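Colleague: Now for the letters of each chain:
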Amino acid sequence: MKITMRGVRGSIPVPGPDTVVYGGNTTCHEIRTTSGHLIILDGGSGIRQLGNELLANLPVKCHIFITHTHWDHIQGLPFFIPLFIPGNTMDIYGSFDPVYMKDLRSILSQQMEYCYFPVRECELAATINYHNIREGQAVQVGSATVTPILTNHPVLNYGYKIEDSGKTFFFTGDYEPPVNIYDEEDEEYAGYQQLVDEQQQTLIDFVQGVDVMVADSQYTHEEYPAKTGWGHGTFETNIRLARLANIKEFYFTHHDPMRTDAQLDEIFSEIMSRDNLPDTVFHLAKEGTVIEL
Amino acid sequence: MPLNRSKLVEIVQNIPAFPQSVNQVIAMTSNAMCPPKKLVQVIERDPILTMKVLKLVNSAFFGLSKEVTSVQHSVVYVGLNTVKNVAISVAMSGVLPETNDAGLDMDAYWKDSLAVGVIAKMLAEQRKIPPNETADYFVAGLLHNIGKVLFAHYFPAEYKEVLGITEEKRIPLHKVEKKLLGLDHCQLGGLLAKEWQLPENLRGVIRHHHTMVKDYGDNKLLVAIIAASQLNHYINGSVGVLPQLPKQVEDYLGAPLIDVADSLENLEREVDKAQAFIDVN
Ligand SMILES: [Zn+2]
Ligand SMILES: [Zn+2]
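Quick note, the sequences are listed as chains A and B, same order.
Oh and the first sequence: position 86 is 86 in our numbering, straight run, nothing missing.
Oh and the second sequence: position 45 is 1045 in our numbering, straight run, nothing missing.
Treat the hints as calculated values from the structure; they're not laboratory data.
In this text, all values refer to a predicted model and were calculated from it rather than measured experimentally.
All residues carry an ideal CB built from backbone N, CA and C; glycine is no exception.
Hints may be right or wrong, so weigh each one.
[Stated by the list, open to error] Calculated Cβ distances over 12 Å to all of chain B for the following chain A residues:
#1 126
#2 260
#3 275
[Unchecked claim] Label pairs and their in silico Cβ distance ranges:
#4 143/A - 1066/B: 24 to 30 Å
#5 59/A - 1044/B: 52 to 58 Å
#6 226/A - 1213/B: 44 to 50 Å
#7 188/A - 1263/B: 42 to 48 Å
#8 1128/B - 275/A: 51 to 57 Å
#9 240/A - 1126/B: 24 to 30 Å
#10 1128/B - 140/A: 50 to 56 Å
#11 1127/B - 226/A: 25 to 31 Å
#12 1044/B - 246/A: 36 to 42 Å
#13 56/A - 1035/B: 31 to 37 Å
#14 86/A - 1035/B: 50 to 56 Å
#15 223/A - 1217/B: 30 to 36 Å
#16 1066/B - 248/A: 38 to 44 Å
Generate the whole structure from the sequences, applying the supplied hints.
Modeller: Laid out in structure tokens, this is it:
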């Protein structure tokens, strides 16, 4: 399969001179399967340009997997031109929202209510099929199998594993490893830690040995204490994950909107200079990066 | 035919208690600084709430691939924020009877109560009322008309007639109730609020939200709910809009209804979100 990163920024698009290298678009990854099918992970602002390029080859058929419906992961959808062209077919997958009891379709159509956007969901001309998928429910797209796993975030968030012709790719979506809510002196501490460890192990087992992993690394270890509970990981939590899961290649993504290219380079080179890193090859995710697997 | 007082009192005494944990969860969730372990503790100490949370988290709606066996486990699995929201939803539902033969449209009833709750909370936020108090405004809006549900559930035939006349003659509901049944939903709700030992100011809201007086004493919550309810009537174009608002209510609003209504951005969306309180079961 071939992966093209279309958006690697977290929270809000940040175009400008300070972000030209790593890119200012919010989350979107394009995956071409060996069989030639098109999978898109998330509809952040990065999906807009992808949509424009797809117009060269109509009709467009694609499978869009949404990690969760926070704005930075769906905001590009209303500007994804293939949605407006008859004859195109989109299959959109994601989790049902059990808190607000809403399915994907109603969440996305609310996004296109008149007050926010001039075209209503029912006016989209392409054929759109919505699929609310359950954790662990594998979806076959041509030669690829896509399987969701829940990863901790303030709303339900799916990480997606894609397996195609013996190669594997994993994208966390937004993910903050759960932390112990008790203090060490609390009697519940140990029991809770066991639950946290088990949950972590489930993820480690799920992604064991994947060829390429792309993971939410919005914060540094130093920034994290002030951002605990916001739903994002750190470079350090991800290095640990890469080590335990024997990840071959690892991309840090969901760059903080405040982070300039220079700062990203600085953080990355400091991290790479550390002793005792796992064998994983680490990269900063960068808009336009192409990975052939 | 006025209802029998002693029968009313007996009915009210037999309504299950309003769970303290519900109050606590709501109060905590409006405070961003509340430590997560406190929230878990409140849920864990209420076996019914715990059971409901686990039932929902393990339901097909979540579609988890493993069974969640404890509140702590659910926090690790689906996240603290989601558990918090689920707890509020399930805590609110099931507090009141949900069906009636009186023809009271329960969906409309809840939507209306939610709207008043959301408006009250938004107004309170605009007026810089501290976040740990604004949840009370929401709850007060949600519960202020609780007497209506009791009427509909326990006196369906009589209440059906009341609703019919209200509809037909476009007279405010509480006036018809008083005339036909001898007491209105404020009085009946007030009895229950007392039985449930709800906080003093919330009791005042339930008992007096149709009482028009010059001075509401220091019950700020009551003034705020009357204001929110008036705004809601105004937005819906209903007969409940008073020709002249009590002075304290006017002061709280600080501007004519039309302008205050304009200041409530995204009201519908907020009400929609709050709908989760009643949808989950
Ligand atoms: Zn995000
Ligand atoms: Zn997010």
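Colleague: Now tell me, hint by hint, if it's right for this structure.
Modeller: Hint by hint, here is what the structure shows:
1. Even its closest Cβ contact with chain B, about 26 Å, leaves residue 126/A beyond 12 Å, as expected for a residue assigned away from the interface.
2. Remark: the non-interface label on residue 260/A is consistent with the geometry, its nearest Cβ contact in chain B lying 29 Å away (cut-off 12 Å).
3. Separation of residue 275/A from chain B is adequate, the least Cβ-Cβ distance of about 32 Å exceeding the 12 Å criterion.
4. Here the CB-CB span from residue 143/A to residue 1066/B is close to 29 Å, well matched to the stated 24 to 30 Å.
5. Distance hint for residue 59/A and residue 1044/B: a CB-CB separation of about 54 Å, consistent with the stated range 52 to 58 Å.
6. Roughly 49 Å separates the CB atoms of residue 226/A and residue 1213/B, a value that falls within the hinted 44 to 50 Å.
7. The hint said 42 to 48 Å for the Cβ distance between residue 188/A and residue 1263/B, and at roughly 45 Å that hint holds.
8. Evaluation of the 51 to 57 Å hint for residue 1128/B and residue 275/A yields a pass: the beta carbon distance comes to about 52 Å.
9. Distance hint for residue 240/A and residue 1126/B: a CB-CB separation of about 45 Å, inconsistent with the stated range 24 to 30 Å.
10. A hinted range of 50 to 56 Å for the beta carbons of residue 1128/B and residue 140/A is consistent with their spacing of about 55 Å.
11. Evaluation of the 25 to 31 Å hint for residue 1127/B and residue 226/A yields a pass: the beta carbon distance comes to about 30 Å.
12. A beta carbon spacing of about 37 Å between residue 1044/B and residue 246/A agrees with the range 36 to 42 Å that was offered as a hint.
13. Hint check: residue 56/A to residue 1035/B, Cβ distance near 54 Å, so the stated range 31 to 37 Å is violated.
14. Under the hint 50 to 56 Å, the C-beta atoms of residue 86/A and residue 1035/B, about 54 Å apart, fit the expected range.
15. Separated by about 49 Å at the C-beta atoms, residue 223/A and residue 1217/B break the suggested range of 30 to 36 Å.
16. Distance hint check: the CB atoms of residue 1066/B and residue 248/A are about 27 Å apart, inconsistent with the given range 38 to 44 Å.
Comparing the model with each earlier hint shows violations of hints 9, 13, 15 and 16; every other hint is respected.
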